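Residue numbers (the UniProt record's numbering), protein chains in the order written: chain X, 1 to 513; chain W, 1 to 364; chain S, 1 to 338.
Hints in this document: simulated from the structure, not taken from any laboratory.
Bear in mind that the values here come from a model prediction, so they are computed numbers and not experimental data.
All C-beta atoms in this analysis are idealised placements derived from N, C-alpha and C, irrespective of residue type, glycine included.
One side only, chain S facing chain W, incomplete, derived with CB under 10 Å:
id : residue
1  : I138
2  : T144
3  : N146
4  : F148
5  : Q149
6  : L153
7  : G326
Between beta-carbon pairs, the in silico distance windows are:
id : chain 1 : residue 1 : chain 2 : residue 2 : range
8  : X       : K117      : S       : G34       : 34 to 42 Å
9  : S       : G174      : W       : Q188      : 50 to 58 Å
10 : X       : D34       : S       : P23       : 47 to 55 Å
11 : S       : V319      : X       : S323      : 50 to 58 Å
12 : X       : R216      : S       : P23       : 39 to 47 Å
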Amino acid sequence: MSPENVTATEPALRLELQGIVKSYGGVRAIRHADFAVRPGTVHALVGENGAGKSTLIKIIAGAERADAGSIVFDGVASTIASTADAIKLGVQTVYQEPQLFPELSVAENVFVGRELKRGLRIDWTAQADHMHELLGTVGLPDRIATVPVGSLSIAEQQQVSIAKALAGEATVLILDEPSAILTDSEIDVLFAVIRRLTASGVAVIYISHRLDELFRIADVVTVMRDGRTITTEPIGELSVRQIAELMVGGVVSESRPAQGETAGEVVLELDALSGADTFRNVSLTVRSGEIVGLYGLVGSGAGDIASVVYGIDRASSGRMLLSGEPVSIHSASKARRLGIHLLPANRSAQGSFSFQSIAFNITAGELKLLSRLPGWVTRRRERDIAREFIDRLAVKTPSQSSPLSSMSGGNAQKVVLARQLVKRPRLLVLVEPTQGVDVGAKEEIHRIISRLADEGTAVLVVTSDLGEVLRISDRILVVRDGEITAEFRPDATQVEILAAASGAESDPTKESA
Amino acid sequence: MTATTEHPSPAAPAAPPEKGRGLFSRALEALLTQRVVLLVVLIVLLLVGMSILDAAGVLSGSFNADYLASALISAVPLAMLGLAQLMVILSGRGGIDLSVGSMVSLTGVVFGFAYGLWGWSLIAALVLAILVGGVCGAINGVLVAYIGFPPLIATLATYYAYRSLALVVSDQKPVNSPVIQDFYSAAQSVELPLIGGSLPLIPLGIFTFLIPTIVIVWLLLNKTTFGRRLYALGTNNVAATWSGINVKPNRMAVYIASGVISGLVAVVTVAQFASARPDAGTSGNGMALPSITIAVLGGVAITGGIGRVAGIVLSTLLIVWINASILLTLPGNDGTQFQLLALGVVLIFASLLNGLTRRKYGGI
Amino acid sequence: MSVDERGVSAPAVRATARRILPPPVTGQELVLVGVIVVLWVLLGLFTPAFLSAGSIRPLLVSVAPIALIGVGMTFIIITAGIDVSVGGAIMLCAVVTAKSLVDFDLALPLAIALSIGLGLLLGLLNGVLIAYGRVHAIIITFGTANIFQFLALRVFGSSTVNGIPGTFDVFGRGEAGRTFGVPHSFLITIVIVAVAWWYLRHTSGGRNLFAIGGNAQAARLAGIAVQPRILAAYALTGALVGLAACFFIAAGTSTLDQAVGSGRELAVIAAVVIGGTSILGGRGSVIGTLLGAILVQTVTSGVTQLGWPSQLANLFVGVFIIIAVGTDLLRQRARKAS
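Using the sequences and the hints given, assemble the complete structure.
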């Protein structure tokens, strides 16, 4: 499946999208996208978080409708108004979040919506037969067929999702970051599956943040940035570095001015801390005035470390010390009492009180500060606090009584960040602080974080955004498969860090291309 | 009561002002997004319509202030339990309390025993009713908040259990005694001191039970940090946890509150019937269904986090006065039957409107 | 690669087919059978009359309509919905059918068709409002419950319908209503439970209900027509309510009073929940529902025969619900922890 092969045969396009535009509320998710996929190829789609990749594949999968633009399928202009339409055309999608039914068995999940039938009833024999094949294809043992999906590991669920996609007659298979949560050997299996599929003429759209692996599997790559498709090239024409530059737009990320030895006393110390099979033996320190970047790909366990520090999850062994004192934190309220605040990764699920006012959202974490009498809310205090933080964080809103749901992603993120700052934290943990945020707001949030550290707060940033970790950290720790595998200064290169995080040494021949 | 509409409550999303839109479209949006506005308009329409019918002389009685005031007697239990449902539904995660009627029956019987038969003072018996209601509510609260029962199931189970206990404890007979019969005076209509001469007689329960409950619930929801926590965990339970709110005790508290209010309603009901009936809250359709109807009509979102005291008060007035109007228009049995129709139609209308509003404007 | 390994023999494939089949009965159902057996034995010991035909037969007659409607309610709850309007719907179907029997002396098939047709219509109304109005099922059905009751009361006119002919005797009153001593209403219920069990276990339509209740969003992504399936579940329940209304008429003497159907929605939901169907959707079984109904009616009948206050039965129903759902919650928590 070399690039030359592709250009030589030049098969007709399986799927062609032109001039796609999509907005959510006032936010432009896709400004302009052109995208064309040939049968029998693996087409990689890359871009930073928020570049519009997910929205584009949702449009192809029928989960969203484009506001403008055309879709041509096998030379025929088509409308994909629903997932059922997409499935009819042979578009199968494996989402990052497995779309499975936890109570149902693996076998049932695989065939849901397209059961094999004999007369009225499901043909269990045919399904078992087919099941045996599918499980072999994705590398799962036969006995797993009867297990409820809810009791499988995330990696196994992903494999089930792929088996489910294969059970339909796929002509286009979309894989949304399939490798993020897989181990190296599981990735090998995945790639074998993909090659077999392309050999039979399936077009595969492959989304990944692990740039190095694209050179092992992809034929063509399309780069997206800020809601636009920037370029489409055969993979051989590009290097890791070139793709990375296209993704970030050639902007060289400036690092935060070196703090050197100015950082103060140790605020947080983790001593051989382990979580329940999410991370192992993690030791680290964060000093006051220091920003420590914890970089890891999705599923690396970096986010789980943050959850344990904040008392949402429990550690299974090891110690945690706060300013030298051993602490045991088993709830977020305890963590906050100790001065540990956390900005959660998933804003809508973990951070937003969406239809409540901005003032409500800002003050929700520190209700005690609203009280002159214990337990009573003084509206003036609420107004004052809200106004102060709307100003300090430059939140753009007509009124502090507007609902959070009316705001753009960047402004909403600032509001949830403000909640962590109402009372000055000793330790601020930020998990994916700029996910789904536009470029301008991202800059501002980075400046706010820097300023906090300069004022003496200890900051731990957990992120899967390479540019971000390089830009704002004083020290970078890389988490891979639940362990801290490397430490870097902020003058390290993206490629070094990515290599440490993905575990795959980048191919030197590609690197020099 | 007017105070409820003065401050925007945390649950009332104020849409950003937009220029260049017609008065009509803004009025329409207010009507659809502000449930309080819709309810006021409906009440005014009802009153105007009925006054016209009254003037035309087609009603069986006269539709005047005295009649409307006397109709308020049925607003007392309805609005109080509506407030209980408000708090429970606000707490989210499928919050609902099917057991309120059974708690009314059970605490009513206990109150009847204490006040009517054991010779307790009114205050002591009242405190006992509140305590028993609180314990019943706490059982619901533990099941829901700490063990993780779906509220519908937990309160369905306790609906059966409390209802059964009320009937078994009382041997299926109303608790009666001269003291309880005299207690009927607590349900009488009274003239207000000072300005009362120019006003119609108003049922006493409005002042002794309903208004204090409204004020306390309003203060709890709008003026206390507990209210903030409640709106927070009802809006997004996970985000509340991540904001450092202990969701379990706060969720449990609303079920206790629902039990306490049921205990108070039980005392009101004993006064109204002049006897402690063991099926007071469960006969016919019971009290749970109407109170949930009141809450939904009052703009409480069944998914939690949205709802206001003013909505409950106004929706109660609407339902009570619709019922009173129906009785004047269709006397006798017909009237009570058409009250069922009105309740059902208004409920479905209100909930479809909630759905429409959510799609059109986002939020409620 | 698996193609090369396809030397699998036919019996082996059949064995796999059996293994990927959803289990025919669940642990909870076996426990319920155990509880019912123990109760019957105990009741038989303390009140020997309990195990007589004269006591068991009315028990089965009272189980039939609850279990029958429970089948539809199980379908609905599997989709993560609920229907609290069945009490009102029973009342309306029963009074319309009873009146028609009195006024027009309808033939049996016509009367059954009328009742089922009317029930179907009521179910369709619920289903349309819930599936397409995007309003929570409990709110809609609270509302329609009132409307059904209103309509029923209008038809009643006076408080009872009197002089109902014995057209429905075939469902269980007297010798004509029994085969091998078992009331026909119960036999019909058993047949419908069996068909529903087969449908839920062996057809894509049935399996898709579980998918919808487990994760409606994922079901939509998998191309399942979610809304029509939900609509169908409510329509089915309506039709079964229509048939159950005939049982209620048959179980009475020649009169029907306004209490018919009152509170039945909660009895049905209790039976479904005790039977192991999760109110959150995605899991459930009609056999469990049948067993739940038998358990509830056994307790009701047992309490009276023991000479205890009859209202004590509801206390046991409440306790059963808490035990049934509580053990399930604890089991899930244990599974998650491991």
